[in-house]
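Trainee: Sequence:
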Amino acid sequence: PSVLEMLPRLAWHYDEPFADSSAIPTMYLSEVTRRSVKVALTGDGGDELFAGYQRYMAARWAAFWQRLPMWSRRLLAVVGRVGRRAPSRSFLRRVYRFTQAFPLSVPERYLRWVGVCERPMRRELLLPDVVRELPEDAEAVLLQWAKRCGCPADAVTQAMCVDWHTYLPGDILCKVDIASMAHGLECRSPFLDHHVAELAALMPLRLKQSWRRGKKILIQTFRELLPPEIQTRGKMGFGVPLADWFREALRDWLRDVLLASDSGLRNWFDTAAIRRLIDEHQSGQLDHAPRLWALVAFDAWYRTHVARRPVPVESSGG
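Its first residue numbered 1, the sequence shown is counted upward by one per residue in the numbering used here.
The hints are simulated quantities; they were obtained by calculation from the structure and are not laboratory data. Glycine included, every Cβ here is placed at the ideal spot set by N, Cα and C. Some clues are possibly wrong.
So the derived label-pair ranges between C-beta atoms look like this [said to hold, decoys possible]:
id: 1; residue 1: Asp-154; residue 2: Leu-199; range: 16 to 24 Å
id: 2; residue 1: Asp-129; residue 2: Gly-170; range: 23 to 31 Å
id: 3; residue 1: Arg-233; residue 2: Pro-120; range: 32 to 40 Å
id: 4; residue 1: Arg-67; residue 2: Leu-225; range: 33 to 41 Å
Taking lysine-lysine pairs in the DSS-like style, the calculated list, with each CA pair at most 25 Å apart, reads [as the list claims (entries may be wrong)]:
id: 5; residue 1: Lys-215; residue 2: Lys-175
id: 6; residue 1: Lys-216; residue 2: Lys-235
id: 7; residue 1: Lys-235; residue 2: Lys-215
id: 8; residue 1: Lys-175; residue 2: Lys-235
id: 9; residue 1: Lys-38; residue 2: Lys-175
Start from the sequences and build out the full structure, keeping to the hints where you can.
Mentor: Laid out in structure tokens, this is it:
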């Protein structure tokens, strides 16, 4: 399977700048699954209902750390800086993101953890005219969901509530629905049955999450059906090695596409800022893979639906 062969298909089917890179394996999985069945079951909604994401664990630990003396929090922040240059999905990088968000409020801290591009970097990447058209506090729109659904005070449940109203329908369900239907595959999500969702909403957090893992009650409920290695295994994402691709196999292609004179990015983004992002990533200084993929997705969408030009599937060097 080739990501470059898949990119034009992603741009066509998603019909918008959809920057979740797990759409790549989801497309391939849907294609292979359809060869055997017409309807498939997914686990979508399980993390949002039963506190499965690692960021929910981070929210819990952050609440604990805030009760510690200031000197210990500062020490942890210093230690966490070691992970600034670590790969985006590595343990050290997660420690860095966790500690750097300490000074922020609970909602702002959560947005820092889930965001792809922080506000200062967005202002650096976007052209001034584009920045002026953006709301000054775009993040506030997201935070309103926690207030609208009357979430309790604990940070974990607030985060789950925000994800339920935003990330789940706007990313996860959208991604799976489009990828599956692109291959004529019907997907059903048992966890999203309203009886299951209502039951989960009534459960106290202690049944869903311990200090070590999430989805606690699901593991306990299906213990006799799950192999021991599944019960004890940590959460595994559905990501792809973007950081390595952009430094190795797609190194030249990335520059050719994002810095091309006919790139749609030039209407919205500063070319010099994009070049700095690429340089920092490919030199190993920082891991900008999620941000670079977002730019790739935007460019592919623009070429496909606005400029009506093909998405390049090889570098200029062949």
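Trainee: For every hint, state whether the structure bears it out.
Mentor: Hints, verified against the model:
{"no.": "1", "hint": "Asp-154 with Leu-199: 16 to 24 Å", "result": "holds, 19 Å"}
{"no.": "2", "hint": "Asp-129 with Gly-170: 23 to 31 Å", "result": "holds, 26 Å"}
{"no.": "3", "hint": "Arg-233 with Pro-120: 32 to 40 Å", "result": "holds, 37 Å"}
{"no.": "4", "hint": "Arg-67 with Leu-225: 33 to 41 Å", "result": "holds, 39 Å"}
{"no.": "5", "hint": "Lys-215 with Lys-175", "result": "holds, 22 Å"}
{"no.": "6", "hint": "Lys-216 with Lys-235", "result": "holds, 12 Å"}
{"no.": "7", "hint": "Lys-235 with Lys-215", "result": "holds, 10 Å"}
{"no.": "8", "hint": "Lys-175 with Lys-235", "result": "holds, 20 Å"}
{"no.": "9", "hint": "Lys-38 with Lys-175", "result": "holds, 18 Å"}
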